Every structure is written in C-alpha cells, then in structure tokens.
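8 protein chains.
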Amino acid sequence: MKEHDIKLDHEREQRIGFDEAIYSAGKSVAQLEAIIAHALEARAPRLFTRLDGFKFEALDSRCRTALDFDPVSRTAFLGERRRKAAASRVAIVTGGSSDMSVAREAARTLEYYGQGSLHIPDVGVAGIWRLLERVEDIRPMRVVIAVAGMEGALPSVLGGLVPGVVIALPTSVGYGVSEGGRVALHSALASCAPGLLTVNIDNGYGAACAALRILR
Amino acid sequence: MKEHDIKLDHEREQRIGFDEAIYSAGKSVAQLEAIIAHALEARAPRLFTRLDGFKFEALDSRCRTALDFDPVSRTAFLGERRRKAAASRVAIVTGGSSDMSVAREAARTLEYYGQGSLHIPDVGVAGIWRLLERVEDIRPMRVVIAVAGMEGALPSVLGGLVPGVVIALPTSVGYGVSEGGRVALHSALASCAPGLLTVNIDNGYGAACAALRILR
Amino acid sequence: MKEHDIKLDHEREQRIGFDEAIYSAGKSVAQLEAIIAHALEARAPRLFTRLDGFKFEALDSRCRTALDFDPVSRTAFLGERRRKAAASRVAIVTGGSSDMSVAREAARTLEYYGQGSLHIPDVGVAGIWRLLERVEDIRPMRVVIAVAGMEGALPSVLGGLVPGVVIALPTSVGYGVSEGGRVALHSALASCAPGLLTVNIDNGYGAACAALRILR
Amino acid sequence: MKEHDIKLDHEREQRIGFDEAIYSAGKSVAQLEAIIAHALEARAPRLFTRLDGFKFEALDSRCRTALDFDPVSRTAFLGERRRKAAASRVAIVTGGSSDMSVAREAARTLEYYGQGSLHIPDVGVAGIWRLLERVEDIRPMRVVIAVAGMEGALPSVLGGLVPGVVIALPTSVGYGVSEGGRVALHSALASCAPGLLTVNIDNGYGAACAALRILR
Amino acid sequence: MKEHDIKLDHEREQRIGFDEAIYSAGKSVAQLEAIIAHALEARAPRLFTRLDGFKFEALDSRCRTALDFDPVSRTAFLGERRRKAAASRVAIVTGGSSDMSVAREAARTLEYYGQGSLHIPDVGVAGIWRLLERVEDIRPMRVVIAVAGMEGALPSVLGGLVPGVVIALPTSVGYGVSEGGRVALHSALASCAPGLLTVNIDNGYGAACAALRILR
Amino acid sequence: MKEHDIKLDHEREQRIGFDEAIYSAGKSVAQLEAIIAHALEARAPRLFTRLDGFKFEALDSRCRTALDFDPVSRTAFLGERRRKAAASRVAIVTGGSSDMSVAREAARTLEYYGQGSLHIPDVGVAGIWRLLERVEDIRPMRVVIAVAGMEGALPSVLGGLVPGVVIALPTSVGYGVSEGGRVALHSALASCAPGLLTVNIDNGYGAACAALRILR
Amino acid sequence: MKEHDIKLDHEREQRIGFDEAIYSAGKSVAQLEAIIAHALEARAPRLFTRLDGFKFEALDSRCRTALDFDPVSRTAFLGERRRKAAASRVAIVTGGSSDMSVAREAARTLEYYGQGSLHIPDVGVAGIWRLLERVEDIRPMRVVIAVAGMEGALPSVLGGLVPGVVIALPTSVGYGVSEGGRVALHSALASCAPGLLTVNIDNGYGAACAALRILR
Amino acid sequence: MKEHDIKLDHEREQRIGFDEAIYSAGKSVAQLEAIIAHALEARAPRLFTRLDGFKFEALDSRCRTALDFDPVSRTAFLGERRRKAAASRVAIVTGGSSDMSVAREAARTLEYYGQGSLHIPDVGVAGIWRLLERVEDIRPMRVVIAVAGMEGALPSVLGGLVPGVVIALPTSVGYGVSEGGRVALHSALASCAPGLLTVNIDNGYGAACAALRILR
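Protein chains in written order, with the numbering used here: chain A, 1 to 216; chain B, 1001 to 1216; chain C, 2001 to 2216; chain D, 3001 to 3216; chain E, 4001 to 4216; chain F, 5001 to 5216; chain G, 6001 to 6216; chain H, 7001 to 7216.
Source of the hints: derived by calculation from the structure; they are not laboratory data. As the structure is a prediction and not an experimental result, all values here were calculated from the model. For each residue, glycine too, the CB sits at the ideal point set by N, CA and C. Some hints could be false.
Cut-off 30 Å, straight-line C-alpha distance, at most; resulting in silico cross-link-like pairs (DSSO-like, lysine-lysine) [as the list claims (entries may be wrong)]:
#1 G:Lys6055 to H:Lys7055
#2 A:Lys7 to A:Lys55
#3 G:Lys6055 to G:Lys6007
#4 E:Lys4007 to E:Lys4055
#5 H:Lys7007 to A:Lys55
#6 D:Lys3055 to G:Lys6055
#7 F:Lys5055 to F:Lys5007
#8 H:Lys7055 to H:Lys7007
#9 B:Lys1055 to E:Lys4007
#10 B:Lys1055 to B:Lys1007
#11 D:Lys3055 to A:Lys55
#12 F:Lys5055 to C:Lys2055
#13 C:Lys2055 to B:Lys1055
#14 D:Lys3055 to D:Lys3007
#15 C:Lys2055 to C:Lys2007
#16 E:Lys4055 to F:Lys5055
Anything over 10 Å on all C-beta distances counts as not near chain A; from chain D, calculated [claimed, not checked]:
#17 Tyr3023
#18 Glu3041
#19 Ala3042
#20 Thr3065
#21 Pro3071
#22 Tyr3113
#23 Gly3116
#24 Leu3132
#25 Ile3138
#26 Asn3200
Assemble the whole structure, with the sequences as input and the hints as a guide.
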C-alpha cells in the first residue's frame, strides 16, 4: 500500500457528465503534486476543492503556477476554462457576508463548467424587505441556490416566493445551537415550502453540480 | 410516602405574581380530585394544564362540573375568572392549523389571568405575503407570541418586522428531522433577528406567563 | 381563537405554481370536513397528504365520497385530475418493498399534477446486479427519485450511474441505529456522488414537488 | 461575487429600533475595514460583537483608533455613545467568574443603547445563600438577565424568586456533559419556573436586545 | 435455547451484599412464574422491580397471592421482610408529585432491605422557600436521595446546603427538551455542587442500593 | 406502482451464499401471503424475520400451516430444513433473560442454515464469576456471539478471555440512557479488547449470517 | 462590571464541609493572581483544579512560589496541607495509563483534605485476570473510585465484585464513538451492577469530594 | 500514584493470541520511553499505534532507532517481524485516497503478525464500475476489510457481492453531517447486506485483529 496509489475515475465524465473533482482536504501535498503532474501530462482540466491556503503554498512552484487558485472559496482550476454560457440561469442568494466562502465555492464550480451565476448578497430573513426588493430579479431564474447559516430560514422563504428550483445550501456559520450548521440544514429539510431540495452543510460544490444536472 | 402527599405552593403568588398551575400530565386521577376538592374548599381559583380528555372524563362528576374544560388546549379553569383587560396588547401568531392546540394553551392562560389576545392564524413563511398583509395589525402589540412547528422560521421573520417583544413558541408539529419540535426550537434560538426570546417546545403556558411578566 | 379558523393560501399557485396541499396529520376531523366543504363549494381541486385510514373513515359520507383515497400512500384527491403528460420523464426507484408507502406518496403527487412516473422496484444495493440490469431504463430520465431506508446507499450509487437529477428520498424504514430514517438521510447528504439532492425523511410529497419544479 | 460585497440593513433601525450590529466572527479583516470606513464616512454609530483580540490588532491603525474596544467581551463601539438612562432597571446576575465574558457582552450592548445595568456576581446555586442575600436588590428590577453555565440552575431559582422578566443567558462554560453549554440551555428551557425566557448559548447581545425591547 | 432457561445469581449476596432483584420489564409472564415458583420452594425472599400492573394481573393466583405488590412503584416483595432499622438515616426529597413513582421505587427497595426513609415532598426549586423551610430536617441525614425531573436543579441546590451524601435520582418527567429525563440527568452530572453523585434516569432501585452500600 | 410489486433476489444465494430472508416488519399481510405462495410454488425454502405474532395470526390458514413459526424470536421457516452440522462451533452467550428474543433470532437463523449452537445463559458482568465458570466451555468455539443490553460490557470481557471471533450483538434492553440499545452498541465499538466485531442493535439475523461467513 | 469582581463563598465550608475550590479553566491569569493574593493575605488554604501548565507559567513568581503545582493532574495546593489520615479507606482503580491525569486529580483532592488512597493501575476489563488478582486488595475498601475511558466496563465489573461504594469516574479517553467520554459515562449509568454511582466525565475532583462525604 | 506506573498485560498473548499493543495517543513521551526500554530489555516485540510524528520525534534517539516507524499510519514496530504468510487471504478495499492512513494501520497490524494483504484502492461507490472491475480479485478472499468515510456505502455493496467475511472499517473522513465518521459507521451497521461486521471509526488496528482471529 503506497501513499501515491491513486486511481482517478476517468469514466465519470462519460457516465454522468462530470470529470472527477479533487477533494483536497484529506490529501497530502505529495498526493496533490502527483495528481497535478498527471493532469498536466494528460492535458486534462481539473477542479480542486477544499484546498486551503497553507497547502497551496506548500505545493512546488510548477504546481502553483499551473493552478488558478482562489483563497476565499479554497478552489483551484487547472487547465483551460470552458466557454461561459451567454445568459445566466442560476442565482446564488446569500444571507450574510459570513456565507461568502461557501457561496463562492458554488459560483466557482459553476464557472469551471462554463455556467455564469447572479449573486444576490445580504438578504437574510431578519430584514425580509431586503429580500422582497430583489424578488423580481430572482423569479425568472431556473435554479436558485439559497445559502444560509444560523437559523437557515432563507431557503424556506424563497421556496414560497419563486417557481424555480430552490436548492438550500446550509453553512456552518453560527454558534451555540447552530454551531456546525445542523440547524440551517434541518430548517431546510423541515421546510413547509413545497419542493425545497438540500445538500450537505458547506457543500457549495454539490449545490453547483446539482444545478448543472438540472440545467442539462 | 403516600400517593396523596401533595404540598401546594401558596406563597408563589405573593412572591412572583402567579398562583401555582396544576401540570396534570404526571398526576393520577386521585391526585387531581384531591387538589380540586382542596381548592373548592379554599375557594381558590386554579388553572390546570395538560389535562387530556380521557383523564377529565375519569374525574368524578363534582370535579367535572367545577371545571371549565377546553379539550383542544387541554386546559381547565376552576373558580371565577379575573376581569378581562380592556385593550389587547398581545398577539398570538400561528404558522398553520396544526399549531392550534399549543396556541390555545397560551391564549387560555392569558385569559385565566384576565388578559385578552389577538389571533393571527395561518401565516407560515412558505407564503410570506399572508404575513406581510397582517404586519400593520401586529406592529403596535407589546408582545407577539410566534407559534411555529416544522422549520420554525416565523419568529425570525417577525423579529425583523416589529419592534415589540417577540416570544418564539416552538411546537412539536413535524416529521422526519423536525419530529418532536427540536428544529423549530433551534431555529428560534439561532435566529439572527436581534432580541428574540424562546420557551420550551409546546410550552404555551410558559409563553403566556412570560407575556404577563412583561406587561406588568 | 376558534378551531375552524383556517385561512388557505390562495395566492400560492399563482406565485410558485402549486396549490396548497392539505397536510392532514395535525388536523382534526372537523377541520378536514370544513376544508373539504369549502373546496367543493369553490370547485377547487385539492391534494390531501398524511391522511390515515382511521381519520378517513371518520369523515362524513359526503366527504368520503368526494375523495379518491389511497390507503397505502395515505393520500386523497378532491376534484378532477389534470391530464396526464404523454411521456414519462421521472423514475421512482425503490430499495425494498417496505419503502412502498413513501414511494407511492411521490407517485400520487406527480399524478395529481398530471405527471406520470416509471417505478423500478426492489433494487437495493445489497444485490447491486438488480440495479445494474435496470440502468439503461433509468439513464434517459430527467429526474430520478431514489427511495431508500436503512443504510440508504441507493441514491449514492445512482448518482454515479446516471446523468439526470437524482433526488434522495430517505425513508424511516429500519431498526437500531437506522430507526427513524436518520442514517438514510445522512448517507444521502454525505454522498460523494456529485450533485445529489435530498428531501426530508418520508417526504414523498416534497420529492415530487421538486421534480415538478425541475420539469417546468 | 466579490469579497467586499456587503449590503448593510439601513432600514432596520426604523422598523425594529435597532441598527445592525456587526457580527465580526465570520468576517475577514478586509470586510471589517470596509464596514468601518463606510460608517466613519456616514457618521453612523456601530456596535461590533465577537471581535477577537487578534482580529482587532490586525485592523489598520485608523480603524483601531476609531473603535472603543473591550477585549473581555470582544465588543467595540464606533461613534458617540447614547446618553445613559438615569436609573437602572436591568440586573445581570452571574453564577461564576467564568461567565464574565458573556455577561459583559450583554452589559456593553445595553450601554451602547444607553441603558445601565446592575451586576450581581458569583451567586451560583451551589451556595444558594449568596443569592438569597441579594434577592431584595434584584426584586425591583424589570428585567433580570441570569447568566449561567454548567448545570444552569440559576435562572430557574431566580424565576421562582422575583416577579420581573427573567431571561436565561446560558454559557458554554463546562466540561464533560456540559461542554458547549447545552445543559445550561436545556435547564432553562425545561424549567418549572413559570414564564422563564431563553436566548442562544453565549448570546449576550441577544439577551440585551430582548431587555431593550421589553423596556420600550 | 429455551424460554425458561434462567440462572439466578446465588453468589451475589455473599459477594456484594445484595440478593439478585428481578427486573421484570423484559421478562414474560411464564419466566416470572418460574422464578416465583423457584423462590417459594427455596424459601428465598425476592424483590421484583418494573412489574407493571397488567403483568401482575396476568400471573396465576398462587403467584399473585405470594407477592406484596405496590402498583405506584411497580415493585413487589416475596417472602418475609427484614426488620426495619430503628432510626432513619435516609431522606428522599422530591421536586413534584409526578416524581412519586420513582421515589417510591427507592423507598420500597430500602424497605425491602430493612431501611426506613423520610419523605420530603414537593420542594422543587421554582419555589425555593419550600425547600429552605425543610433544610434543618434534611441536614442530619447521612444520605439524601434527590428526585427530580424537568430541569433537575434540586440535587444541585441540596448539594450546596447539606454535608451528607447527595444522590441525584433524575426522572423522565417532562416534555420538549426534557422528555425522557436527559436534562435532569445532565444537570446533576454538570452540577457545580462538590461531590454530587448520580444514577440512571428513573433508577430508584439503584439509588436505594447505593444508599445501602454507603450506610454499611 | 402496485402493492404486490415484489422482485425477490434469486441471484443472491449464488453470489454470496445466502438466499434472501424476508424482513417482515415493513410488509403488509397481503405482501407476505404473495411471497409465501410464490415460494410454495417454487418449492424454495424461506426464512422470515421480525414476523410478529399478530401478523402471523392474520395470515390465511394455508400460509400459517406452511410456516414453522417461533413467537419468541419472531422467525418462521418455510420448507425443509438443511441437515444440521454434527458438531457445534458457535456459542451464543447472553447477559440476562431479557436478551432471549434476540439471541434466539440468531440461533434460529443458524438452525435454518444447518448450524447448531451452544447457549450459555445469564452470565452478565455484574456477576463475573458466572462467566468465569463457563470460560472453558467457550474457549474452543470458533465464533462467540455475545448478546447484551444495558451497559453491554459482556463482549469486551469475552474478547479478552477467548481466542475465537467474538461478535457483539447489542440489544435494545434497557431504560434511561440505555433505552434503545445505543449504550450496548457503543460499548462494543469502543471496546479495548482487540478484534471485537459488532452488528446493529437487535440484529440476531446479521450476527448469525456473519458467523456463517466465518465458518465457511 | 469589572474583571476582578470575584466573590468567594466563605460560608461553604461551614455548611457542607468543603472550602471553595478554584476551577481555573475559565479564569484569566489576572483573576487567578487576585484570588491567590487574597488567600495569602487571609492565610486561607486553597485547592486549584484544571490549572494547565501554560497558565501556571504565566502567573507572577510570587504566585508560582506559593503553589504546590502538579502538571499531570493540573492541580495546585496553596497553604499547609491537612494531616493525612493514618489508614487508607479509598482505592483508585484505573483501566489504563491514559486515565492517569484524571485519577490523579481525584488522588490530589483526597490528599488536600488529608485522605490517603491506594492506586491499582492498569486493570482494564480486556484482561480481566489482572483485576481478579487484585480483588482481595480492593474488597475491604469503603470507597472504590473506578476510573475508565473507552467502553467504561470497569465500574460495572467492580460493582459486582465488592461490597463497598463504587463511584464510576468516566474519562474522555477514546476515539470514534467514545470520543469525549460519553460511552464510558453511559456504561456506568446503564450498569446492571446494583448501586453504582457516577460523576461527570473527567471529574476527578467531584469523585473525591463524594468519597469524602461518604467517609464522614 | 506515579506517572511511570505501568503494568503491561503479559498473559494476553497466551489467552487470546495477541500481545498488548501500545495505544500511544494518551501516553506521555516519558511513559513511552519507559515502555520501549522495558521491551528492549525483555527482547519482546511490540506494536505501537496512534503514535503521531511529533511524539515520535520527541523520543530519545535510542528509542527512535529501535522503532520501525511509519508516519502515514502512525504505527511503529519494535523488534523482529514474524515471517510473512506466503499467500494473501485478506483484501483491504478503500473508497478514496483520504482513507489511506486508516487502511494502512490495518495493513501494518496484519504485517506485524505476519499476514500479508492485497490493497484495492479508490473504488468508492460513486463510480461503481471501478469496484465491479475488481470483484473477481476480491471474491476469493476469506476476509475483506472495506474502508470508507463520508456516506460509507462501500461495505454494503461489497457485502452483496462476495461470500467472504466483510469487515466495515468506517473512517472519520468527511464534513457536515459526516464529520467524525458517524454516517459511515451507521451505514455499515444499518446495512441490508447479510452478515456485515463493523469496528469503531478509524480502528484499523481492530479490523486487522478481527481478521487474524478469523484466519486462525
């Protein structure tokens, strides 16, 4: 059993339409460098998620140069980007500025697959009028990714306001009972708004992939 | 140790302004009959909570006659009611008709202490416009009791719309992750609306007592 | 505060494209009869969910006659059905026969809104070959509702096999650690299959509404 | 989507009587500096919460000078303070010296809004006589904020001793089963003292805002 | 493997000073009848716990006659009682009348082993003066069993008032967050009163056995 | 979607050496009768688990006659039994008589597949000498199934005493913190005895199947 | 509200026989120095618990000199020790060497109050013979403190072997399901050994105080 | 009570066939050095688990030289290795490269006891075809250790594909609901694959010991 024993899933794109993203959190620098070298050789594009700044800095310079790294969302692109879709069909709606990192993981994943998105910031339900002012911008969207931590009521309110698909993206922002994001997750699951969908806490990548499946 | 060994707390009203309510859930029919007999003799009024219909029916006829029983809220009054306050200063706002039993426990407790209340039904956040239509009725209230099960977003939205005291009264209505009311409770506690207050799940009696403390 | 104080949400269909379904679990027989009477008068169709057999039998005969009741899924239709869509674009895939009640709540909700569905039964992952034999039937579907209790691995496997939208519908089937459905829910949320979406445990109605939002 | 995309809620004060406090825990130094610059320009006062010492030290010197920072409570004031209310109507009662940080967040929030408070320290229930000696000082208060970690019995005892509004403010002080503050929170929610109210664990800001709503 | 395969632990009394009590909850009527027949033959005394009324009624008449059954505590004695200790050294202090069943299981177990006890009823902490009035009766006791449900603050307060051994006996009385007794248990474990000891929820038998070990 | 849509897994025996057992808990009487009819026709043997007495009684008489039903373990055999292995290599060790139902599900499953077992009853760790007296009977066994509820210490002690494979089979016997069997399960998982293995709570069927895989 | 506002509980010793120990975990260096200065002046002895090495090193030199500090147990004594009891009546029994820190907190607390103790190390139940070899040393003890992490079976086994008082002292040693000590705590609470008592996880101080109450 | 008081379990190998492994996580450097010195003197081989790199570096040079240390699995061997079994009968199957550390703890433990193993990497169920390609390599194995974090579906799928013993080894790899490994553990326990066995989260050592017991 060797540390570099990595077998990427090359059939994935053909079967389900996504190449394999590299979840970097559990991988060593050596494993990541091996993956990057292999991708550069194969001229294959790659999306890296959960790549924190310290680990990025520890990569050798050839790897660092090859990556388009974004520290806020902890994502990196390797290789050429796909052409961006002309018109946006996805809105990313956030409750507060603390949700930015996760929201941006979603936006960057969409961008990697050539899909633009509209960002509607700071419309948490404690000031519902801010959300109501933007409803007409959100209504025409086919997919709305509703990013919220703490009590996580934003997806429920949106689910009752717009006819498109609403994906709740709960975040781990919060303290006390909401520490770790379970309250935001459970609020979305328990919502009385019909047809709300949910992904795991802080899973911006997953919310974006779901949006892409819907838009196909 | 005898089953009828019950020592009521007669100093309570003098110290904190409430007589002792009789939490009937854990008491036997024999214990309840002893308490009623004692109160009738002392000509003392009494509020009974969590008195379910089967237990009420099992009381002897003298006890049944003495009580003003409401099966929906499972409350009963013994003795003369206090005079009702002229103008209402408390709103009870409910998300759905399944929350009625708990909301009514709050309303009946207020009534027992002579305080009226305004009921605003069926304004759950999945149809936020229903709530917005009623905001001007709710704004002047000193206390708003926001009753909600499932994802429990109603108190958060109200906390951002009105300047009065908002008391979240979470209910055990729900299934899956929201079974038992924890999600509604946690949503209220984790709310980003400033100054939201919370009582235990299904504790209509407690929410009403808190309102009474505030109105003093 | 009166027991019959019910305010239905008539704007809902116009805003989000669904009329308000009647969640019958927390409603009394009297409340349900009032809703049915009102709907009959308004000639408005209605979908009832979580209507158990005993409560249905307790309705007056006029109400019972007016409803198309299905005891397995505990759903009822009131009024004329919408015309069924010609070709099916939704698959409902179930792990075992114990998941039938929840799967059927999804199928009946789709039917109420005029959408057919294809049922693929008994393809739990402990016998993965049964699922593989049916993959080619499932691949062309735009939406796959994957119904599973116990360890809930079915949605993850499906998410890696087909390019359409996969909605995990966890069920409360199970015992020991899986009692109540949390394991199946968490398996879906934690899945490494990209873009898997989830609804609450036993929420067949919600999974169907999500499918309808996607198909619009 | 840009890191500095922040939209403050300027209508909040007009609607509910509070300006928007800046929850600093989830914000970057760059975001905080942008908010401070904006507030200085607008000559708007601001309250910052959860601003830890390291983050404060990392702000540029203009920002640091502009803030009245308190490291114990991790709060900062920007701009002129409101005039302090002449007579105190709020008591902050603490169980032990470990609860000081949270108690002080409450006191500083009250101070920001011009409301003084009386501190009653070290009256945990394991030495109930210390509390009883102070009861006559606490009884005349309109609002009592009872701060307690570990088993959190202080609010229950107070709720039975005084007629004013008692707000339980549970803290995350403790270890073993009480680590994180859940025991203190649950004790307050489950209390048999009538009319006890609760806020989230460590939410000194929320307890103070609730007191301000009550005192209006 | 046969249903009647039961092997009682005859060495137990010699090793630890208790004969084996019969936990009746998980046993069938047939198993209980076999145990009683065996004990009658051996002229061995026996204590039965968790024997509910229905199961007692289902025993054959010889068994029913042989048992001294108490329905409130669900305990039964078989055989002659030991002589009662002259002076009482154990107090059983209860918060409310709903805790009676569990308190009585403790009292009956003590009685089975010849130890009397003093009952102090209805001294829950929401009316702390009731407890303070009785402190001088409790102080001389070597062991105090403090029985409490809901928020379970009684043992903590007692632990700070008396020098004897305080055993918290949490009960499952409560609703919402305190349903099942976890809050009362955790309050006792997290108590800041030095040297508080705890047994499992509703374990009156265990609290009494602990008292007996202490008194040896 | 029809209630009788059941697709049994006929390839299972060939792949993994077990035919498909019928988990009866989630199946209706109609579904069970269909399965039995099908098996009788195919002359295929079948094992039914979690078949409670009421459901068995509700089957039609042809089905009842065809089944060898055991009410204690809630199992039934259909068809001829396999020849029993001459010598026993499996011990089933139980902590108390309340664990009998689960232990017997394991014994009956072994019997269905022709494997005998030795039962060692009532050797819970609170009387460790009872276990020590039997160690020499258990040591030669290849597989030891250790059945325990409550604190579940039996598997740990056994894992340190014998060289064979020890499978912990936790049961849901218990109350308070051990209600539902989580404590027994977690004790087995957390054991410091090297190489202890675990199955789900009350999963006698699974423990037996594991033993069979080991003995192959 | 000032950081140094500390009110020690001087009546505690007189009421319950313990002076107030200083729980150092939540206190700042400044608070600890103030307490030490005050004690030195009053010539009062003091016990400090949860004082970690870094915090001790940060105290000024006068404070450091005044304390008898033990880094393993994180305890410190201030002032003269009481005379040690001649004969030992307490055993501290540990499962493994990882439990040493907690066991020593108990031993040091006993020592502070003049009570010696006998240490029986490394007798975890996975090698039950090690415990059995020492049983005759443990049997005569009036109090046995059984320290165990992971699956925590040691107290149950001891409770069945000796007639004295057995206090379970669960530790947070473990990983996976036993991380944080809940499994060890729950095993002790759920034990079928009659009369086992428990304190909070890692609460060596509490176990020792309980022993002292028992020995009075 | 001294820090170096360590009593190793020398009878363990004779009773259950394993010498005592040294769980290094809770031990100080001083304790580890004492154990190594003792083993060198006794010429006894030893396996160390959970020995992190920093602690290894802190050992004195004689100890470091004596150990064959592997930083990825955090294991070390002391003394001569046993001869390796000629043919491999154990497969270690991993879901992703993040599971490598735990998988290697299992492989190294097998190696310490002279048992080789076959590693099948990167066959997570989101790309089920990767697993299916390798099934014929896995089928002949007597024991399959299935290592998986996140949703942990791999053991269930394997349990339905191969006739050998399948041991689920859940890992703490994951975030959101799967943080800490509970989802992977529960998926294995709740699996509908017959005869799946489980060890604690991240317990590579335990899985290997179980395999060794099976292979005897």
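Checked hints:
About 22 Å separates the Cα atoms of G:Lys6055 and H:Lys7055, which keeps this hinted pair within 30 Å; it holds. Distance hint between A:Lys7 and A:Lys55 is fulfilled; the C-alpha atoms sit about 21 Å from each other, no more than 30 Å. Only pairs whose Cα atoms come within 30 Å are accepted, and G:Lys6055 paired with G:Lys6007 is accepted, the gap being roughly 21 Å. Between the alpha carbons of E:Lys4007 and E:Lys4055 the distance comes to roughly 21 Å, so the proposed pair stays at or under 30 Å and holds.
Taking the CA atoms of H:Lys7007 and A:Lys55, the gap is near 42 Å; set against the 30 Å cutoff, the hint is violated. Pair hint D:Lys3055 plus G:Lys6055 holds up; C-alpha atoms about 22 Å apart against a cutoff of 30 Å. Of the supplied pair hints, the one linking F:Lys5055 and F:Lys5007 holds, its CA atoms being roughly 21 Å apart against a limit of 30 Å. At most 30 Å may separate the alpha-carbon atoms for a hinted pair to count; H:Lys7055 and H:Lys7007 meet this at roughly 21 Å.
Under the criterion of a C-alpha separation no larger than 30 Å, the hint pairing B:Lys1055 with E:Lys4007 is inconsistent with the structure, at around 42 Å. With a CA separation close to 21 Å, the supplied pair B:Lys1055 and B:Lys1007 stays within the 30 Å bound. Proposed proximity of D:Lys3055 and A:Lys55 is supported: the alpha carbons are some 22 Å apart, at most 30 Å. Simply put, F:Lys5055 and C:Lys2055 have alpha-carbon atoms about 23 Å apart, close enough for the 30 Å limit, and the pair holds.
For the hint linking C:Lys2055 to B:Lys1055, the alpha-carbon distance of about 22 Å falls within 30 Å, and the restraint holds. Proposed proximity of D:Lys3055 and D:Lys3007 is supported: the alpha carbons are some 21 Å apart, at most 30 Å. About 21 Å separates the Cα atoms of C:Lys2055 and C:Lys2007, which keeps this hinted pair within 30 Å; it holds. Restraint check for E:Lys4055 and F:Lys5055: the C-alpha separation of about 22 Å stays at or below 30 Å, so the hint holds.
The claim that D:Tyr3023 is not at the interface with chain A is violated, since a C-beta of that chain comes within 10 Å of its own (minimum 7 Å). With a least beta-carbon separation of about 19 Å from chain A, D:Glu3041 lies farther than 10 Å from that chain, consistent with its non-interface assignment. Every beta carbon of chain A lies more than 10 Å from that of D:Ala3042, the smallest distance being close to 17 Å; the non-interface claim holds. Residue placement check: D:Thr3065 keeps its beta carbon more than 10 Å from all beta carbons of chain A (closest about 24 Å).
Every CB of chain A lies more than 10 Å from the CB of D:Pro3071, the least distance being 18 Å, so the non-interface label holds. Every C-beta of chain A lies more than 10 Å from that of D:Tyr3113, the closest at about 17 Å, which supports listing it as non-interface. Against the 10 Å criterion, D:Gly3116 stays outside the reach of chain A, whose nearest CB is about 27 Å from its own CB. With a closest Cβ-Cβ approach of about 30 Å to chain A, D:Leu3132 is found to remain outside the 10 Å limit, as its non-interface label requires.
No Cβ of chain A comes within 10 Å of the Cβ of D:Ile3138; the nearest lies about 25 Å off, and the non-interface call holds. The non-interface label for D:Asn3200 is inconsistent with chain A: the shortest C-beta to C-beta separation is roughly 4 Å, within 10 Å.
When each numbered hint is compared with the structure, violations occur for hints 5, 9, 17, 26.
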